Amino acid sequence: MKTKSFKELIVWQRAKELAIEVYKLTSKFPKSELFGLTNQMRRASISISSNIAESYHRFHSKEKKQFLAVAFGSGAELESQIEIAKSLFPNLDYSKVETLLADIMKILNKIINKK
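First residue of the sequence shown: 2, per the working numbering; consecutive thereafter.
Do not rely on the hints blindly, as some may be mistaken.
What the hints assert, rightly or not - Think about it this way: if two alpha-carbon atoms lie no more than 30 Å apart in a straight line, the pair counts; the simulated DSS-like pairs of lysine-lysine are:
| id | residue 1 | residue 2 |
| --- | --- | --- |
| 1 | K65 | K107 |
| 2 | K17 | K115 |
| 3 | K87 | K5 |
| 4 | K25 | K115 |
Hints in this document: simulated from the structure, not taken from any laboratory.
Note that the structure is a prediction, hence the values are computed from the model and not measured.
With the sequences and hints as input, model every part of the structure.
Here's what the structure looks like:
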């Protein structure tokens, strides 16, 4: 049965939750990072959910996969940025964003590589 909205997709729901958690986490970064790592991590997390939503409204399988691949790429960017943040601000708890991101990446990888 086809979903009526991208909002029903588990992967989008998790991506939305990830974006919220990234915003919470980055709000604890120093203000000097507002236009640096904070901005980059927020943009990458928003890109994941946005591209999943956009893929839902594409008609052709190739287009759908293209937007999911962009979401996956944004996830890889965020993963790298988290590693940098962990080195710069080691006293923060990254576990929730790391767990959500790993779950999302697994789901996206499965969908993208489906034959």
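Outcome of the hint check:
Only pairs whose Cα atoms come within 30 Å are accepted, and K65 paired with K107 is accepted, the gap being roughly 17 Å. A C-alpha spacing of about 23 Å is found between K17 and K115, which places the hinted pair at or below 30 Å, so the restraint holds. Distance restraint check for K87 and K5: the Cα-Cα separation of roughly 39 Å exceeds the 30 Å cut-off, and the hinted pair is therefore not satisfied. For the hint linking K25 to K115, the alpha-carbon distance of about 34 Å lies beyond 30 Å, and the restraint is violated.
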